[in-house]
Structures are given as structure tokens and as C-alpha cells.
Amino acid sequence: MITLNNIEKVYQTSTIETLALNNINIDIKKGEFVSIMGPSGCGKSTLLNIMGLLDEPTKGDILIDQKHVEQYTDKALASLRNQKIGFIFQSFHLINDLSVLDNVEIPLLYRNSSTQSRRDAAREALEKVGLSNRMKHFPNQLSGGQKQRVAIARAIVGKPDIILADEPTGNLDSAMGNEILNILLQLNAEGCTIVMVTHDESMAKKTHRLIRLFDGTQVY
Amino acid sequence: MLQHLIKLIWNRKGSHLLLIIEIWASFMVLFGVMSLVTFNLDNYREPLGFEYEQVWAIDLSRNQDTVQTAEKITQVLQKIKSYPEVEKVSQMSSNSPFSFSQMNSSISRKKTSTLSDIYYADENFDDVFDIKMKSGRWYQASDSVAKNKPIVINQKTADALFGTENPIGKTLDDNKIVVGVIDNFKAKGEFTKNEPAFFQLMWPHSEEGKIVMKLKSGTDANFEAKLVKDLGNMLVGWTVEVSYLTDQRQNQHNMALVPMIVFSIIAGFLLLNVAMGLFGILKVNIAKRREEIGVRRAMGATEADIQKQFVAEMWVIATFAVLIGLLFAVQFPILKVFDLASGVYWVAIVLAILIIYGLVTICAFYPSRQAAKIQPAIVLHES
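Line by line, the protein sequences give chains R and F. For the first sequence, counting from 1, position 138 maps to 138 in the numbering used here; every step adds exactly one. For the second sequence, counting from 1, position 7 maps to 1007 in the numbering used here; every step adds exactly one.
You may find that some hints are simply not true.
As the list claims (entries may be wrong) - Examples of chain R residues lying across from chain F (beta carbon under 10 Å, computed):
#1 54
#2 79
#3 142
To be verified - The following label-pair restraints were derived from C-beta to C-beta distances:
#4 R:70 with F:1261: 16 to 22 Å
#5 R:10 with F:1382: 15 to 21 Å
#6 F:1381 with R:185: 23 to 29 Å
#7 F:1303 with R:14: 51 to 57 Å
#8 R:208 with F:1279: 17 to 23 Å
#9 F:1331 with R:72: 52 to 58 Å
#10 F:1331 with R:170: 57 to 63 Å
#11 R:23 with F:1277: 29 to 35 Å
#12 F:1270 with R:174: 55 to 61 Å
These aren't lab readings, by the way, just hints derived from the structure by calculation. Cβ atoms here follow ideal geometry from the backbone N, Cα and C, with glycine treated the same way.
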């Protein structure tokens, strides 16, 4: 589903060159739930951004469904993100001036879907994460756990094949964290491929596979 | 998407209120300036109705002289006619074309009346100004013995008093008889409205001290100096002043153009201010919304989608402002404020709207382009 070959990422300023990722080789199969762990600054988020086509590697190949994406245009990459990938972030990244329902609809705005079908899909996604009673609320009226469930609903509303979650439980207490993990496990059970960055060993153990990074290098 | 943007802006209406007021104020000022410009250009497109090139006006002020003034003016007319440089001469009231003198009065027929400019002039006036008759004829000196005073009216007066009737040969309430109709007569220049006017035969030996004359082409200031000297010798103690109608026309133009230019400059500064304000607000707005841009990019928005979104947001804000402005602006054509044709206001409204949207688009273009270039991975990591 996602294949990374010899990925290298270098951040360069006029004075400093930082090697964020070095020789990363990962192959994630359809239906897998993979967690990525490592100390802060080891390149986990950079790796997730590269997998999610939000960032370009300095070297190496990215294949999504066996197709090289290095030469894709901005439009083609955006379309791929929109159709295939759902993102969940540690700090939720909800738009505070939009209601829960409007936030969840966002990915569908970039498809040619009608208002009614967007509404229906957003409602369905919110029902799935147990927030159908909070549709008209605004993000600042929700708890951290509820915000993350909205973010999950937003990630799944377009029925993507892959969900990339960057420390989805990082800002939540353990009870809420477990609740979120259970939703992710449920989504995975339904066939969704999930890659999750986490600091929590116990959560990582519940996934199919663990990838460890250290100083930008894949440890095992 | 539009619905989404309207909702987003509506939910942020507090922070957009000042911007809406600023655009609304600009729209109203633009509407005013565009009304003035449209009104003047509309007038400019209407022909003057007479020729003024090579026409000079002579003002004769008798000062303290009260002895045989009519005879002296008649002698002056004879003298002027004798110059080979002079093609045609006419004596008229002080309100010659492009002068700053105006005479008007209400004229009526049956129960209809109209306020009309009056020009007292002799039978040669139409020749000096090459005025074309629309129907009938210009009056003759011999008409002065008739029972009714012969007059020539312009089409505006004919429309006001006679409607679709043929006015030739018809009398007005105070013993005036219409002998001819001309088309336009815009004595105050191209930028003024074509108002109702009529010309009445000046009785022989009138004491009116205004003479207008058409000169042969190439006549220059040497002749002017000679003319002033000769007339000065004939009219001792009088003041003789010669003016070119081309210069007087320019003065009239300045009267119309100066307010237009002043208002346009004020409006220009206001628009520049608004443009800089919009530009600044949008840049700040984008800086504050980097996280949102990152999220949208992650969710599938292309660079073009982001750019379109920010431009469209400004259009939505401008639409709110323009809609409020329209509530005020449409009252002008509906109530016919300042007695201007409704068309002037409608054109001004359309122009003001186009300028506002153009301005908003230009101001939104560069900042929204910058927004589109924001790297989602970086902003999502920052926040």
C-alpha cells in the first residue's frame, strides 16, 4: 500500500544541514496497523509527512499502491491525499470558527460532491465516533477527547484507505487515549490501513507492527 | 464551497466588521464620484449644437456714458462689419455662449410651462454660430414689425411645451410666436446638460453691449489689437474687452472638470488606503490562519484551491459591503435625487461594483498566492 525506498530527508538552511531521515525502507501492507516510535526529534513526524505526501524527501522513492508519486503535480498529490489518506494530528487542528459538522465536511469540499451528500457523509462519520449529538457545537465547546473524535471523523469522512495519525493520544489522558485507540482499532478491523506515531509503548503493542526510529535512522 | 465560505465569514463577522464598513464607505464614495463622472460624460456625448471656432465676443461697457449709446453701438457694428477679417457679426444679450452670464425665465403655453434660458439676439446670430435649423427658420429683421414676437426654441423647449405637436407657427402665452426649432444649445459647454432655451429677436437699435463675430481663419492677435484700438477711439470712456470663445469654453470646462478631478483624487486616495488596508489585513489574516491552510492542504486542497479560497473570501466580504451600499445607492435612481436621469445612477452603481471587486481581487491576489505556497508539513508542525 505504502512503500518507501531509501528515503532521506535533509533540512538545509544557509548555515546548517540537518539529516532528519536516513535510508528509510518501509513497506506497509493493506490492512496493517503500524506504529512508529522513537524519541522526540528522531524524525517520526517527518516520516509521517512524507508518507502522507505533505513533504518531499530529499532522496528516495515513494510508492502508493505500487505507483511512484515523485513526479506527481501538486494537483495530483492533493487528489491522492484527498481520496486515499486521512490525517489525525496530536493537536486536532480543527477550525474553531466552524461547527463540528462543517469541520468534518472539509475533505469532501475538495471533491465534486453535493451539499446533501457531504452532510450525510459527515453525519455518518460523526455517528461512527459517537458524536452525533455534538454536530452543531463549535470545537471550543468540546473536551480534548471529543475534539480528537471530531478529527477522526474528519479523517474517515472521505472513506480513505490509509489513516496517518501523528500522536493522536498525545494530548489526552489515558482513558481518553484508550478510547481513541479503540476507535482506530475498530477502523483497522474494518479494513483501514493505519500508521500511528506514538510515544506510548502500551498503545504501540496493540498494533500489528512497530517501527522504531533513532536520529533519523530506522532501528528495527 | 461558497456556502462553506459564507458560513466561515459569517462566523467571523466580528473580525470582518471593520473591513466591511471600510469597503462599504469606499463603495459609497465611488458611487458618488462615478455618478458625477457618468453625468459629465453623458453630457459630453451630447453635441453642443453650434460652432465656436474663430468666434470672438466683444463686451462693450459704456461706464458713465449715457448719450446716444444705441447709435454708438450701431456704428460699432457697422465698423466691425467693414473689416475684411470679419465674416459675420451679431449683437446679443450679455449671456453669450461660454460666458458666465445666464438669463432664464419661465415660459408657458396653455397650462404647460418650463424654465428656459433666454437669449436676445439679432437675426445674424445663427450665422455666427452656424446653428442648423431642425424645422422652420431663424427670425428676420422684418419679423420685428409683426404683432407677435418671433422666437426660435430648442428641441428641449419644444418637448416641454408642445410634446409631439409641431410648434412652428404656434403662439405662447405672452405673444411669442415660434418660427423655428433648433436641436441642442449647450451654451455652458459640453459638460453641461442640454436645457430648454429660446432665442428672441432683439429690437433694432438695442443698447445690449455684447457683440459676437465669426472671423476668417488665420485672424490673429494683431487684428484684435487693431480692433480694440479702433473701437476705443470710437467709444471714448467705454471699456472694450475681446475674448475668444475657445478660451471661454476652456474656462467652462475647467469649472466642470475641477470638481471631478478633485473628487477623483480624494476617491483615489481613499481607494489606495482601502487597498493597503485590505492587503495588510489579508496578510495578517493569512499569518493567523497558517494552521487552517495546513489542514486544508492535508485534506486535499491544491495550491490553487487555497488561493481561490482567500480571493473568494474577500469577494464574499465585499459582497456583504456592496449589498449594504446598494440599499443606499438604489434610492438615488428610484427617488431621482438631484434631478439626474436614473441611467446615470445605474451606470455609476455598476462601475462602483466593478471597481470594488477589481480592487479586492488585486489586493487579495498576492497574499493569497503566498498562502497557497505555505508548506503544510511546516505549519502543521509549528502549531
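The hints, checked one at a time:
1. 54: Result: holds, 4 Å to nearest chain F Cβ.
2. 79: Result: holds, 7 Å to nearest chain F Cβ.
3. 142: Interface hint status for residue 142 (chain R): violated (16 Å vs cutoff 10 Å).
4. R:70 with F:1261: 16 to 22 Å: This hint is violated: roughly 59 Å between Cβ atoms.
5. R:10 with F:1382: 15 to 21 Å: Holds, at about 19 Å.
6. F:1381 with R:185: 23 to 29 Å: Holds, at about 27 Å.
7. F:1303 with R:14: 51 to 57 Å: Violated, since residue 1303 (chain F) and residue 14 (chain R) (Cβ atoms, about 26 Å apart) do not stay within the stated range.
8. R:208 with F:1279: 17 to 23 Å: violated, 52 Å
9. F:1331 with R:72: 52 to 58 Å: Holds: the Cβ-Cβ distance is about 55 Å, inside 52 to 58 Å.
10. F:1331 with R:170: 57 to 63 Å: For residue 1331 (chain F) and residue 170 (chain R) the Cβ distance comes to about 59 Å; the hint holds.
11. R:23 with F:1277: 29 to 35 Å: About 51 Å separates the Cβ atoms of residue 23 (chain R) and residue 1277 (chain F), which means 29 to 35 Å is violated.
12. F:1270 with R:174: 55 to 61 Å: holds, 59 Å
Checked against the numbered hints given earlier, the structure breaks hints 3, 4, 7, 8 and 11 and satisfies all the rest.
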